[in-house]
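S.K.: Here's the letter readout for the chains.
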Amino acid sequence: MRRWLPSALAALALAGTAGGARAQERSVTLWHAYGEEEAAGLRRALDTFRREHADTRVDVVHNAFGAYASKLESAIPTGHGPDVFIDAHERLSVYVELGLVEAMDPPDFATRLDFFGAHLQALEVDNALYGLPLAVKCAALYLNEDHVTDTPRSLEDVERLRGDLPEGVWPLVYEAESAYWDAALLHAYGGALVDEDGAWAFEGPGAETMLAHVVRLTREGVVPEEPNGDLVRQLFASGQAASAISGPWLAPALPSDLRWRVVPLPRVEGAGGAPMRPYVTVEGVMLASGARDRALAQELMQFLAGAEGSLPRAVTGRQVVASRTAWEDPRIADDVFLGTFRRAADAGRIMSTHPHQRMAFEPAEKAIRKVIRGDVGAGAALAEAHRRFDNVTRPPPPERSPTMAVIAVGLLLFLACLWLVRRAQSAQVRAEVRASLPAYKYVAHAFVAVGVLVIAPLLVGAGASFFGGRGTDMHYVGLANYADIITAAGGGILDHGSFWLTLLVTVLWTALNVILHVVIGVALALVLHRPTMKLKAPYRVLLILPWAVPNYVTALSWKGMFHRQFGAMNAILEGLGAEPVSWFGQWSTAFGANVATNVWLGFPFMMVVTLGALSAIPKDLYEAAAVDGATAWQRFKLITLPLLKPMLAPAVAMGSIWTFNMFNVVFLVSGGEPDGSTEILVSEAYRWAFTRSSQYGYAAAYAVLIFGVLLLGTRRFAKRLDGMGDTA
Amino acid sequence: MSGGAAQPGGRAILMETLAHLALVAAVAFALYPVLWVVTLALSSGDAPDPVVIPFPDSPSLDNFEAVAGRTSADGEVWLFGLQLMNSVVIALATALTAVVIATPAAYALSRFRFVGAKAATGTLLATQMFPGVAAAIPLYLMLSYLDLIDTRTGLILVYATTAVPFAIFQMRGAFDGIPRDLEEAAMVDGASRFGAFVRVVLPAARPALAVTILFAFMTAWNEFILAATFMSREEMFTLPVVLQRYVGEFDARWGAFAAGAILVSVPVMALFYVLQRHLVAGLNAGGVKG
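Protein chains in written order, with my numbering: chain Z, 1 to 728; chain R, 1001 to 1290.
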């Protein structure tokens, strides 16, 4: 403990002067966010590389996928990033815009020849090559051989399995509500999500026929309701599904005693026998900008993508490698599993590198869900999705001249300085400041720490709200982001996802949660605090469990409990003889599910704070009251409550603010379902920042508005906190 | 309340029974979702049957072994141990730093009138209102400028400062509740103001200190995004980062994820068990006598 404190202070004092000397040997750093099995294959490939380059050091960082993109975005521009990193090709165009990657030296003819032209093209932007293809990923059809003997020739064949399967076995599982997975069917019907130029294409007869087909699959019980990736894995692994549409990553999750095989996706009779064409992702190893040893970095890239580096990735990592030479090796060529996925990829459709491709998924998915639930017809849902897509892909507001802003800020600063100088001249103020000096000794370090590490980043972040565009294309736009949000540009003022409706939901969410937190927390603390209470310690420890277990796990456990077909809530309801509820199908129950989860997560904190506060109430007060003959209720009302209030005020104030910004629960439990109506302001901001093409300026404007709303809403609390010192 | 014990007979027993019933119901509510996590952690590949009481078909500790037994690629470093150490060191240091930074400031806010006190309180509250989404990248730039990327010190500082505002409010509330006569008496006896603060006021504020320490510890213990972004070497990762790695873009190993989550929550329970003694030790125990 003693070691880091001086070093922390020294670092603060000597900001920026440090920087350790690095060894002079050649070295290269590689980042990836693979799963276990693929990581193992990569490790073996790198072992070979290290053997062949004894004088170099290869550092590998295995990142968590959830923070990968934002980590690349922060680390590479500041020189803390990798020299090469592995990612999917469809994110490349964003990385190019942000300046995170740099073009490779054009590879020689033999290297180029080792890959399919289309795979190389996937890693090109404006004719410059930024990486080399490592592997391709796409969907294929897994068949459970106990249930299916002959390979189905068409999707309709799979549907017809329904009559012949044992009770409780689904003919097919796949993520039918996801645009990514439904795209295979959409392509069979001649449709597409976006066209080559990144324009919306998910409409017209192809799209509507596809939606009708998906609705049929769900209604007729061919696929289960509310399917997610986890359900697909569980149902197929446990033999409760005759077939599954999934990627190569499903295989390692299957138990060894399951008899299965994999075939390319079937044809669709309804589409005139056209095959389902899944989306194909080309995973590439990309050259990070500012790579320290460019030559070595490219050598590593060529090695990994080439035959020698591909072999262990295919054999151990089970990757469908892109290198054509590698496929000449019998260990890969004779592998039926890999061969099938390779054929599936050849027949698939490589995802467009256009940045709009990725932004099409969210609106398309909302439309698909609405149609499956039967809320609206396909035509209306698709039209709405088109509008939403246009809203998230609209060009950033035009550049404005910052002159006015500079003048305004300058004027404000000048006035502030003037005011300070005037105040400093007054003798009374100077005397007050002098009298304050002893107090400053107690607060100075807190002031510096919070100022540097909390307030400064927040101010910079808030500043971003005046900018539009991304990466190298950032420009000053004045108040345009705010204007767009407040006027709900691109939609009705009370549409789902509009600022005002979301604000309403957020306020309701905060009020309900905080009231329940306080009531449950205080009640439990009061019961636990009773002097005659036995077993206090075990109760207390068990009751903080919801706080102790990481909430990203328990939130998912709650989501699972609310599943339409497999959740415990509906099992309980059915046990009581009630109809099962589609929890995320309507606003009230979806919102209720979110609140239940968050109340569960939050009451222990309030309980602990109350326990601490209760023990600070002098016991003699109660004794005196008892002597005076006060009833238990009077003691609570006249002693406990008034004394508890000021001590709980900080926790309630902070708790309200945290709940207002409680992003995890909404994101993980309802995910905004149905149709974005349970989204709260901060989860909406998050979507703009991360899933809707990194519009940081827009997200920052959201953040500033949230700040403003909270500032207005908590003025009363703030007064109470301010007045606390005076009441004592 | 204390009068309840004096009342003889049936009513007291009824009250006790009701209290226990309420607590058992609350414990059931608290435990039920965790039960699902435990089941997931103990099973290798369970079917998602709609059951009310979850229980693994064939319980096994494989997931726990896989998570806790992680070593580096060459098998020489016990990575899980290292990362557990990181988490413990970072969370404890965060709790300590936060308390060290916050307590004197809270004391000053409670006992002194000084220029800027109001503005400081308002600003502290305001910092909590700004969603963190907007600050992550500037914070990274800041730490990079201070050369604190990929160091425990950097992460500790960030966590501690995030925990400071709540800690200040919490401690200030506690100090407000402690009579001024306490330290004035000590100062009459020759203690300096700071001496009186450390030796008399702090011990009396033990319950609030326990809450603050637990809160700051939790801030650091479960945090994932900043840890994943600021740490770029595997030996520096904290447990939540490692846990999140079990959930990839397409594949998710929920069993291991759940097992990891349970392992992660054990130290929190242990810490709480240690701290809860102080939670109920109020004014009448310890502090006042000194």
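Don't take each hint at face value.
[As the list claims (entries may be wrong)] Partial list, derived from the structure: chain R residues whose beta carbon lies under 7 angstroms from chain Z:
#  : residue
1  : Leu1014
2  : Leu1021
3  : Leu1023
4  : Ala1025
5  : Leu1061
6  : Ala1108
7  : Ala1135
8  : Tyr1140
9  : Met1142
10 : Ser1144
11 : Asn1222
12 : Arg1245
13 : Leu1263
To be clear, the hints were calculated from the coordinates, so they are not data collected in a lab.
Since this is a predicted model, take the numbers as computed values, not measurements.
Yeah, the Cβ is synthetic: ideal placement off N, Cα and C, and Gly gets one too.
S.K.: The structure should be examined with respect to each hint, and the outcome stated for every one.
M.R.: Hints and how they fare:
1. Leu1014: 12 angstroms, violated
2. Leu1021: 10 angstroms, violated
3. Leu1023: 5 angstroms, holds
4. Ala1025: 10 angstroms, violated
5. Leu1061: 17 angstroms, violated
6. Ala1108: 4 angstroms, holds
7. Ala1135: Given a least distance of 4 angstroms, the restraint on Ala1135 of chain R holds.
8. Tyr1140: 4 angstroms, holds
9. Met1142: With Cβ-Cβ at 6 angstroms, under 7 angstroms, it holds.
10. Ser1144: Holds, because the Cβ-Cβ distance from Ser1144 of chain R to chain Z comes to roughly 4 angstroms (cut-off 7 angstroms).
11. Asn1222: Holds, about 5 angstroms.
12. Arg1245: For Arg1245 of chain R, the interface hint holds, since the closest Cβ of chain Z sits about 5 angstroms away, which is under 7 angstroms.
13. Leu1263: 10 angstroms, violated
Hint compliance for this structure: hints 1, 2, 4, 5, 13 are broken, all remaining hints hold.
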